[in-house]
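A.B. asks: If you read the sequences in order, they're chains A and B. For the first sequence, this note's numbering gives the first residue as 1, with consecutive numbering after it. For the second sequence, this note's numbering gives the first residue as 292, with consecutive numbering after it.
Rather than coming from a laboratory, the hints here were simulated on the basis of the structure. Wrong hints could be hidden among the right ones.
Cβ-Cβ distance ranges computed for the label pairs, FRET-style [what the hints assert, rightly or not]:
(1) D238(A) / G465(B): 52 to 60 Å
(2) R110(A) / L296(B): 24 to 32 Å
(3) D238(A) / L300(B): 54 to 62 Å
(4) G170(A) / V297(B): 53 to 61 Å
(5) N333(B) / A185(A): 25 to 33 Å
(6) L312(B) / S48(A): 50 to 58 Å
(7) L357(B) / I10(A): 50 to 58 Å
(8) F38(A) / G570(B): 32 to 40 Å
(9) R110(A) / V297(B): 33 to 41 Å
Given the structure is predicted, the values throughout are model-derived calculations rather than measurements. Even glycine gets a Cβ: it sits at the ideal position worked out from N, Cα and C.
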Amino acid sequence: MSAPGRPQWIGELLRRPAGAFGSAVVAIVAAAALVSLFWTPYPLLQQSVAERWQGPGARHWLGTDQIGRDTLSWLLAGGRTTVFVAFWATLIAAAVGLALATLTALSPRRVAEPVIVLVDILIAFPVLLIAMLLAAGFGGSLWVVVTAVGVGIGMNVARVVRPEIRRVTGSDYVLAARAGGVGPAGILARHVIPNVAAVAIVQLSYVAAVAILAEAGLSYLGYGAPAGTPSWGRSLADSQQYIAVQPASVVWPGLAIAVTVLAITLLGDALREALDPRLRRERRSSEPRRR
Amino acid sequence: MARFLVRRLALLALGLLVASLAIFLVLRVLPGDVAQLIAGTNATPEQVAGIRAGLGLDRSLPGQYLGWLGGLLHLDLGRSLLTNQTVASALAERAGVTVPLTAMAFVIAVAIALTLGVYSGLRHDRPVGVAIGFVSQALAAVPALWMGLLLIVVFGEGVGLLGVLPGNGFPDAGWGRPGAAFAALVLPAVTIGLIEGVALLRFVRSAVLDALGQDYVRAAAARGLTRTQALLRHGLPNVGLSLLSVSALQIAALVTGAVVIESLFNLPGVGRMLVGDVGNRDLTKVQGEVLFLTGLVLVIGTLVDVAHRVIDPRQRAEAA
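Extracted from the complex, chain A is given alone in its bound form (with noise of 0.2 Å):
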């Protein structure tokens, strides 16, 4: 069985305009994150008292806070936060659930049955009350928002991986290969890996998308970005205090992350249509079908 060619999936992900959108949005998220760290139209800390409440215009393009701090700069900042959320809570998220997966899977059924009735339980738990538990226990942090959500979901990801896993281990080809000698390394690394990331990766996707949102809950909250730290949800509190002066303050920020976490739920959509190869082999008919 030929590996699914690179280039190929991209070019199916793009040609949707939900792929296009998506990857172009998270895209110039990241950018923007990026560029923040040496390059903001106005540095963060500049206040000035006499331009501050301005609304949009040539100066500040999205007006000025309550000291006249810029608010496009604070936006484009806000959106480091936002990646590392997402980055690492995704990452977690992968190593739990990916682990959990495997050895539920893989292992005999006295020791995966346990497991997976704990899976079954965890999955109940909400992930914010998760993060306020650590929060109490451990002080808030950003760490403590992507390791609710990491472990939260990661729960999800299992889940839904492991019967992917037990489909493939257990399908007659697997067999072939290891009735032709193939070790359980070989197996993992040429059968189960490649048919298992598909499911894998778009589950993983839909992570950031609540990675992003708790964070904007917990740090609005005061549970998750420290202050003074950039971050779309501590924008969202700061605005809502002035609320009565400046009402059009609580656009900006919540509009970031709206537009950001719609991006990365159609990339996940288009994700599972682009990658999954049941889908795909359907389309290219002229190539023979294999069972």
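Fit chain B to the given chain A structure using the hints.
C.D. replies: Okay, now just chain B, sitting in the frame of chain A:
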């Protein structure tokens, strides 16, 4: 059925046990010297000792855990470290806001999901159906927090453009002034209800599309009913069932929503109390509150499962 009930209740009990163990581990075991942590670095040794005794930290860890569990069995969740109020009475007081809030939000969510979901399913090939699908996908990405702020900006008294509904706080008299109390919950409930509603709407829509392709709906249409009549008469029970099973998944989101949205609208509910107690390191209260909220999620999830089993004839047949 009896076997199913026993199994499901055992799973619920196990879930609560795992929750209590996890809560105990994170709050009492992992952080190290909890008494010192709560007291802060400036505390005298006497103060630390006082907290230690108050939390029962002088006992062994298993002893502490079993003591807490034992108290739980007769609804004794301990006392607040700061105010000495019992946690159970604090929860009972605050539940008077959180329970009506989530109930209202749930009703709004289901109303949105059913009406717009069925409508957009029936009109899935028309512009209006496509538009509803698109808007619901976009709204599903909106943080509840932002939705709440936007609603305050538009409708909130004092700050909003229309200024028709209270967007901050709850009457001191509570439900003693039912009109004012209800009004205070409208915007927060709409916030949570909208977000949850659009999430549910998408499942209803695909259940409707599914039902439209089924033979019984086509047969009814062949007998002269319109597609809408056929769906409403024969397909709706199936749509209802799928809504029921999905809504179980959304309960966690409702409870989570309450934590953020109560804080946003400054409502004295369990969620905002939890946020405050986390900041104060009032661990006895946090312990009780997190268990209460997690328990709520687990219990409602069990009830939905049982209801699903009772209603769905296919599952009944399987059990027999």
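A.B. asks: Is the hinted range of 50 to 58 Å satisfied by the C-beta distance from L357(B) to I10(A)?
C.D. replies: 56 Å Cβ-Cβ, so the 50 to 58 Å window holds.
A.B. asks: Does the Cβ distance between D238(A) and L300(B) fall inside 54 to 62 Å?
C.D. replies: violated, 47 Å
A.B. asks: Take a look at whether the Cβ-Cβ distance between R110(A) and L296(B) falls inside 24 to 32 Å.
C.D. replies: holds, 26 Å
A.B. asks: For the pair G170(A) and V297(B), does the Cβ-Cβ distance stay inside 53 to 61 Å?
C.D. replies: violated, 32 Å
A.B. asks: Regarding L312(B) and S48(A), is the given constraint of 50 to 58 Å on their beta-carbon distance met?
C.D. replies: Roughly 54 Å apart at Cβ, these two residues keep to the hinted range, so it holds.
A.B. asks: Could you say whether the range 52 to 60 Å given as a hint is met by the Cβ separation of D238(A) and G465(B)?
C.D. replies: Cβ of D238(A) to Cβ of G465(B): about 30 Å, so the range 52 to 60 Å is violated.
A.B. asks: Note whether the CB distance of R110(A) and V297(B) lies within 33 to 41 Å or breaks it.
C.D. replies: violated, 22 Å
A.B. asks: Mind checking the hinted window 32 to 40 Å against the Cβ distance between F38(A) and G570(B)?
C.D. replies: Given a distance of about 35 Å, which is inside 32 to 40 Å, the answer is holds.
A.B. asks: So does N333(B) sit 25 to 33 Å from A185(A), Cβ to Cβ?
C.D. replies: violated, 57 Å
In this structure, the hints that do not hold are numbers 1, 3, 4, 5 and 9, in rising order.
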